[in-house]
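Read top to bottom, the protein sequences are chains B, Y and G. When we follow the numbering used here, the leftmost residue of the first sequence carries the number 1, and every step to the right adds one. When we follow the numbering used here, the leftmost residue of the second sequence carries the number 1, and every step to the right adds one. When we follow the numbering used here, the leftmost residue of the third sequence carries the number 1, and every step to the right adds one.
A portion of the hints provided could be inaccurate.
Taking lysine-lysine pairs in the DSS-like style, the calculated list, with each CA pair at most 27 Å apart, reads [unchecked claim]: (1) G:K205 / B:K108; (2) G:K162 / G:K205; (3) B:K192 / G:K191; (4) G:K176 / B:K193; (5) Y:K368 / G:K179.
Keep in mind the hints are simulated off the structure, nothing from the lab.
One letter stands for each residue in the lines below.
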Amino acid sequence: MSLIRHSLYVGVVEKPPPPPLTEEQYGEMEPKYPEGGHYLSVLRPHGDDCVRQVFEEMRALFEQNQQDVEKALDGAQAEMFPGIRMRHAALERNKRCVLAYVYNRLQKIAQMRWEFGSVLPADIKYNLAEQEVQWFIKYTKCLATYMRSVRAEGGLDLTQDLKPPKSLYIEVRCLMDHGEFETQDGGVILLKKNSQHFLLRSECEHLIRQGVLEHSVH
Amino acid sequence: MWSCKLSTGTVYAADKEPRTEHRVLVLVAFEIDALCACKILQYLFQCDHVLYTIVPVTGKQDLERAFVEHSEGVQVCLLMKEDDLENIPEFRDVFLEDESDEDDLDNDSDDPETGQKKRRFDEAALIKRMEKRKWEENRKKILFEYTEFSGYGLSSSLLLYDMAWKMSKDTNDLLWLAIIGVTEQYINQHVERDKYMESIAELQPHVSRLNHRPDDEESSISIDCLKVMFDNELRLTMYRHWSLFESLCHSEYTTCKFKIWTMKGRKRLHEFLADMGLPLVQCKQKFTSMDVSYKESVKDLFKKFQDKYSINEQDLFLPSFHAQYGYKNRYCATDVIYASEAVLQDVEKEYSDSDNFLHTLDLLNRSKTECMEKGIEMAKIQLSALVKQVQSFLDANLVISAGPFLYAFVQEGTPDVKFFAKPINLARLARFTLEAYCCVSRNKKVKTLPFVLGAHHNSDMGTMLVIGIPPVLDKSLKNCFGKAFEQAAATTNSRTLHDFFDSHIIELKSEDRSKFFDALISLLQ
Amino acid sequence: MSSSHDSRGSQNFEATGDYFSLDDILATQERIPCTFQTEVLNLGYIDPSLDSSNIPKGTKLELPFWLAKALCSRRKQCVTIDLPKHYKEVYRDVFNADANVVDLHKLGPYFYRFGSHLLHFEHPESPDIAKSLLKVFQARFRDIMDASQNAYDQDMSKMTEKLDEMEKVIFFHGQKGLKDLQMWETREGEKIKISEMVINHRKRKRTHLDES
């Protein structure tokens, strides 16, 4: 009984209104608007415990309803019905919150493939649940397979040229000491802070997106 | 020794093949001329898809480090700095032996022997030992003669502009950069006036060619395009962006001429302005807000009254150029130099040298006008500090004659000492101080004396910067201090660092100051 | 989101596709004053002040929208609802007077979204609420657009903190359009930029380091 109490507490009475999963567990949900629209700026740790708790609640709600439905079938329909409906609504609500939680995190994780590249920073990876890591790997694989299949020779890197390129080569400035960088033709360039380089655009676009280099436009 | 003479040949003539597999390492010194040259080169490389890496280098050690770090896979390496004397010794006399060190200098391509530098002489070692010893002695002698005096050669940006022109890739923007490079050499007294006038004469046809526009409506171009014009400029520092009065008080020539740091001098300046019929109120407000009638007649008025105040026209006027783009942006070459040098020597703690370098490159970008405005404000602050320092030198009689030369020190704890811990500002302070001292000193001889200035540099290391400059009357601008400093340090075991490309600026342990100076005095006697 | 989600719950999301929307989840959490028309067994604990194991008939409680909606279907009404006060006539009159001065963030922050959800109840005043919502939006839209198109780099938080969540989205889209145009004009558009997530990741790391 106490579990159900908790469930409906979280879901119904407490103020300010948290959804069955509290705000905290939706990843970072404080609305920030650098570009408009809600977005989870960086993923918080996966709220495993909280999700489990919600499942517990849902199980308790379900079992209670099961009992009440049996009673209702025995003839006590009128008295039981409102309670069943209330618990059912709470079940549906919990389900929606959990699914939305999972869904929105996956959206974010997919986006990370495009923004961070195929290797995630360690501290971000640490915040993912094991299944999410697996999903990310699968997503990366799918994307790679697709990109390979686009053209007959060599495929097409969709993560390149997110903006239409104006020239084959671009000038970049190094924003941090990044160490050595091997170019496609086998040469090695030392990316040292405040050095400037003229490089093949396709080679350095990823490094620009990751904030190692800055594209200088005249 | 670290010289680099570029001629049209070095980079381009050698290979007509697609050059993309080569990477060019460009090492750039902290000088405006070098920066301008670097920008011209960047443009040319970008046109031709030549891959490059640009690394700023503050001194010789930095140069070595940068070369070691970045040279992997580099085919050609260019060093951008103002050139030393023109009579560079024969290549084979100097570099034959030390092939490993000198690869970074894409040296004197006039010399057909260049290709030899990689050849080792091991196989012939025995037979040639005698010859080699002779050669070494000869080398020493040549090097001594070569390094005894140091000076500057042709502006690298002019050289590169010339190259761009020969490749038909010259644009108005590149021309403007070349003008800035050339003017910087003159402003910092790296070249004498005749040489400067030669360069100006060389640039002028380019200016007329690239800025020639027929008058009819159809062929007129947008106001936002760069227009470069020749002008006989007033040598008043940044007066278009300051007030006329402030500018008069901060320009080397007028300040010294009127001895503005004295009451009498101030009065004379007021008199001068009154004579010309320029109300003080007008002179003290921003030049841009001055009455148009005054603004337009300033130059003529100066010309008219210069004789009465025995002002030398050559000192007050400078044949130069100015650039205009948009309605608001009008800068003469010297404005750009003061602004960019101020940014290059920004003393802000959060910026490293290489940050300043990049900011200065940005400033030289025409599109970033806000950088330019910021640079001009910084230049005003630095210049005011400089004039104040000159005044305190003179007020407190801190310029002292050591016999063969004059000297002065900026002590630790002096306000604004941080500005003079930078070589360009220190050099400017030295010239300004010497000029001012010569104006007030009754002794005629001081004009024939060189000047040594020391300034507190780094508290943690306990070091000071020391610069030596030639006498006021010596118009050849040859500087003997590079060698002198080296010898004085060697004979006294003073702890010095000869790291700057300009050998007449060194870093010295403050504790070793007195013995170093004693040696210097006996050396120059 | 596609229409495939409509079977997921008792609520129909087909029209709005909002099943996974965090905004919608938050909006449907807003409370509505309800009166129980039947007794509900064993659920008295949801209001500790009830002091009984059942919810007696006639109890007045503020229930979140999603629960109120489930209990208020046309088939069998367990509760009757009253309008939240911001949607009542008194407030509607205020909006009529000058919608621009109202702090919708304080009244919302999902004022429009929650308001349109309210219409599901087919309350007698529903048509008036609908009209009022539209009017408020129209009245405020001009100011929002003006502000978004004329604020390039200024701090607009004074303005935006009074906006409803939906209005904020509109405002920021407007601003983004302005910035994109400006970037295009200065040829900044062709510049490859550091990705948004990387910036945020760094900021977070830095603040984290500062704190520790």
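Quick rundown of the hints versus the structure:
{"no.": "1", "hint": "G:K205 / B:K108", "verdict": "18 Å, holds"}
{"no.": "2", "hint": "G:K162 / G:K205", "verdict": "31 Å, violated"}
{"no.": "3", "hint": "B:K192 / G:K191", "verdict": "21 Å, holds"}
{"no.": "4", "hint": "G:K176 / B:K193", "verdict": "31 Å, violated"}
{"no.": "5", "hint": "Y:K368 / G:K179", "verdict": "18 Å, holds"}
Of the numbered hints stated above, those contradicted by the structure are hints 2 and 4, listed in ascending order.
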